[in-house]
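For chain L, the structure is supplied; the task is to place chains U and W on it using the hints.
Protein chains in written order, with this note's numbering: chain L, 1 to 320; chain U, 1 to 188; chain W, 1 to 727.
No false leads were mixed into what you were given.
Listed next, the in silico BS3-like pairs over lysine-lysine satisfying Cα-Cα at most 30 Å (straight line):
{"no.": "1", "chain 1": "U", "residue 1": "Lys-119", "chain 2": "W", "residue 2": "Lys-681"}
{"no.": "2", "chain 1": "W", "residue 1": "Lys-681", "chain 2": "U", "residue 2": "Lys-42"}
{"no.": "3", "chain 1": "U", "residue 1": "Lys-42", "chain 2": "U", "residue 2": "Lys-175"}
Here are some, though not all, of the chain L residues that point toward chain U, as calculated from beta-carbon distances under 10 Å:
{"no.": "4", "residue": "Pro-4"}
{"no.": "5", "residue": "Arg-5"}
{"no.": "6", "residue": "Leu-67"}
{"no.": "7", "residue": "His-69"}
{"no.": "8", "residue": "Arg-72"}
{"no.": "9", "residue": "Phe-73"}
{"no.": "10", "residue": "Lys-75"}
{"no.": "11", "residue": "Thr-79"}
{"no.": "12", "residue": "Glu-81"}
{"no.": "13", "residue": "Met-86"}
{"no.": "14", "residue": "Gly-89"}
{"no.": "15", "residue": "Leu-160"}
{"no.": "16", "residue": "Leu-161"}
{"no.": "17", "residue": "Ala-163"}
{"no.": "18", "residue": "Ala-166"}
{"no.": "19", "residue": "Pro-236"}
To be clear, the hints were calculated from the coordinates, so they are not data collected in a lab.
A virtual CB, placed ideally from N, CA and C, is assigned to each residue, including glycine.
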Amino acid sequence: MPEPRWGFLIVLYLFLGGLSAGLFFVSALATYLQRGTEPAYPRLARVGALLAPWPVVAGSALLVFDLGHWYRFYKLFVTFEWRSPMSIGAWLLAAFTGITVLSFWSWLSAETLAALVRRLPRRLRFLRVVDRPWREALRRPLAMAGFPLAVGVGIYTGVLLGAVQARPFWNTNLVAQMFLFSALSTGCALLILALSLRRAGLEAGEARLLFSLDIVLIVLELFVVLPYLIHGALSPLAVREAIGLVMGGPFTFSFWVLFFTLGLLLPLALELWEMRPVLLARQALHPGRAVAALSAVLVLFGGLVLRYVFVFAGQVSAFQ
Amino acid sequence: MRERLGLTREARWALALDARKCIDCKACVVACKAENDVPLHKFRNRINEERGGSYPRLRASFEPEQCHHCASPSCVRVCPTGASYQRDDGLVLVHADDCIGCGYCIIACPYDARFFNPKTRVVDKCTMCVHRVDAGREPACVETCPSRVRLFGDLNDGDGALRRALDARRAQVKKEQTGNDPQLYYLV
Amino acid sequence: MLAGAAAAAAAAAVAPQLGCAPLARRRRAATPAEVRRVATACELCPNKCAVLAVVENGQVKKLDPNPASPKSRGMLCARGNAAIKALYDPDRVKQPLIRAGARGEGQWRAVSWDEALDFTAERLQRLRQDHGPEAVLFSSTEGFQEEFFKNFGLAFGSPNILRHPTLCLASVNLAYSMTFGTVPSFDLLNAHYVIMSGANRFESIITPDTMDLIEGTMNRKAKLIYLDPRFTVTAAKADEWYAIRPGTDLAFILAMLHVIIKEQRYDREFVATRCLGLEELAAHVEHYTPAWAEVETEVPAADITRIAREFADAAPRAVYYAGRRSSWYVNDFQMRRGQAILNAIVGNWDRQGGVVPNSRIALGELLFLPWDDPAAPRVDEIDTRFPLAAKGDGAFLQARENVLAGVPYPVKGWMVYKQDPMNALPDRAKTQRLLEAMDFVAVIDTQMSDTAWFADVVLPESMYLERTDPLHMLPGIWPVVVLRQQVVPPLHDTRPNLEIIQGLAQRLGLGEYFEYTIEEWVAEQAAELPLDEPLAHMKQHGVFTPEGAPFYGRTLAPGFRFLTRSGKIELYSQRLAEAGHDPLPVYAPPRPVGEGSFRMVLGRKATHTHASTTNNVWLLEQTPTNDLWLHPEPAARLGIGDGDLVEVASAVGAVRLPARVTPEIRPDCVFMLHGFGKKSKHLRQAHGNGACDADVLVTAWDEVSGNAAFHETVVTVRKVGKEERRA
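Here chain L stands alone, though its shape is the one from the complex (with noise of 0.2 Å):
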């Protein structure tokens, strides 16, 4: 390939649309955790039912721009094309976007709503009929909803590049598992980071599970990249050169380096150590503000030199 056709704004789009699936798959987790009768993790699935429609709009939109024409993206609605994985993806994240979009509005407080249309010019105040009684009893309708599509669309991001046959680096279906758990990490590490940037700070019970959570997708993560590159590495000749390109090619130090080490290995271990209290003994956590936020950069960094490595070494590798 003379050069490559997908760049950065792939790259941003994987990593986006991964990360509003991992929010609202958190957000809608926590929807459903109960202590009791009561939510368990109120906060957990509002902050992420807030945050979840933003990352996949802003994706959406670099994708669009990223088309020759970028007004005929309207196209990809009009057919339906069953074999081809960007046809399933537009719709699915067509999908995927209404609901976390449904999902933030009942997710808004009736004062923030009240305060939004206030600012609005006179004429669009009628938009204050948005503000419906019933809102908050779709959250929890919206989430189980949401739950699969959520999943579909971190698979997706995966399926987009493994559905491609021509491109050994990425012709196998641990690249869509893998895509999937590094979505749904980046989306519990925007979450620890954006909790832990309050005022108030990252509450026991939300770290606690945020961690626990983060810490199960990085282990999953890591049973997925590992047995990636020992499959490529006793694959036939083309997926064995292919793997090169992160085994002493072009894409070592992305990949070793910037996702493996300090995207996956370090925010690892820091949110082990932070966990350590419960870990080893059963004791109250204490979650230190500067250590959840380093780890959650630092995995949303991993995701997305993860995404970056795959779209430009996979345009890279090819059949002899």
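Just chains U and W, lined up with the frame of chain L:
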């Protein structure tokens, strides 16, 4: 000829290439640019080159390549709008008006036969000069070649020159393992 | 077969596709374009391939090969296809220009044709009055309208008509003329065994030889033996490639003659009845053994012996191919003579697969008023210096020397047609001095060549697609008459050469010699063709070729007299002896290159024609610039890496360009592609792009024919910069 014989059989266009005869003169590359108004520094076909040996025992070989008009084209499969399509006669084409320029097919082609056309801002590729083929003529690259490297014809025509060449000589296709079932036959 | 497919294909287009069809498919019906197809003949190189120009709404959209020509064998090369970009090149000279600043400064005044022609005629008239008509040099290269230019020079009264052969193939033409009395063609379509010395036929396309050779070697399993210091595409395709020591081909040939004569493998009957001087030849080659030749050529003696045997055994379907740009060494004529003699004794003359005298087709001639022979002798003193050479073509390098020295008389003016001496001659600085020494220089060309850049007036000629040229008969085994006719009207304020010449002739009182139109000229030529409506045929088809070609063996009829002094094929040439040359080719080793120096060899590539296409964007895409081929061994010694900027210096000049470190050249040679490093800033793609070989090539010529000897240049190479750019 088929009409005269009363046959209704569909054509299946393909190319056989005798790359040994290629002298790397680039006539096919330039003819394609003229015929199809391909922008500067973009190409619908190319000549791959392999060099090796050690002085004074050296070798160099040349091999023209373009869209393989695969029987199972991955580019068509991944297209999200249906702009990339395949005709029943095997030609893999693009409805430029329906192409959104997402570039997915460019990446999905194992032969790097597609490119983004900066002038039309949609994907571009070899059409096997479909406008000429439909008018009963050969593609420009076939016609202009000084050493007659390419043989264009109908695989379904049992007595046709293409079928005869492929019956008489062994041929290879490139990157068969991608499963695209390519239809550029390199005579060996 | 194809026609029947159209209906089927149309059906396919509306067939449903997998997946849901998009709701809105806007299919704009294209407005029906007015499409014309005009038969004409290409002018991007000297092959004159038949072309069908496709014109859509007045624009030339495509140039298709015209299958009717047996010479171009239904093909059109990269350059032919790229002619569209030459026609629509924004850098064309769009109207007559008169120099406004100093020579070479690039200050021009755009003027009307009247003013340009008045100015040119007035300057020519002044030169004729002050110094006589011989004070104006008329130089041109081959082309369909060259004749008008040449006639203008003669009508003007100047003996100094200089044509291209002494920069090209004068030595090979003379060698074959001295041996067979004619310059033949080589039947590569039918030969079984071909030996080539440096004639890089797969990169330097000659029709139909290139196509016939690839067909022969690949489909008929003909054997190709190729000698070249450089691993070219031809070397890659050859059965055997020998990186022969440059300048020693004659040793290889003499050793082959030695083996063939010693082993009595020559065609005894043919030699006995048709050749003259076998005994002298046998005695002459006695000491030229393969063992001796191995030392000279570095080709193993066993291979020379084997090749000689195979060659003789394959005869008459065996040829030692002559090549075309035969301007290599100071003994070039003798080397070509050796090839001719080798061909002669194996009896391949006028036989299928052998060396075949050209067939011709008679054309009509328009009669016009004759002029007086020029009073003055030629400035190049060709009669005394090269008595055997073709006088009408002149000796270009000798002419340059003499004019610069002012002997035998002063030459003050120079008219150039379609030629770029700044690039075509060795030692560009010297050519520039020649231009600067002139009182007046006028250039007729389709583009602002380096020579035009230093002219006083540039008279822009219309491009080949914009004008009609005289019919031309291309002699060969498959002779053909081609018409180059106008496809579109001139885009700019340019004129065909004939009209430029007529404009000048009228102003100089020579109008009566040119009182005809191109249409009249072509009609008169066509009238002789054996066709019912010859002119209509030529306009429609662009090509005429006789039924029944090729014709072999016409010169083998009993009593046939060859156009040599003896009437026989002259292995031994008394005429050469009388002219003071070796009557049989005597080997002279090339001048040694010297430690740490390199011989610069020249060559071609299929994507460019000489120095005339390096502003063509479609060809530059393929070959964007030139670089210096250098073997890894000397490169390591000189600390030069691939892509490093190097300086190449000879006795006359130095140029800089990136190195291409490659094993595809002998360690004692370097090579750079011709035509780059233009001085003309008008050519925005070519100006300053790469290096100009003419800057370093030294002046030397073959002593018999006067043909430039381009391979006599010795250069040094040194690194001047790190990897800068890569071709």
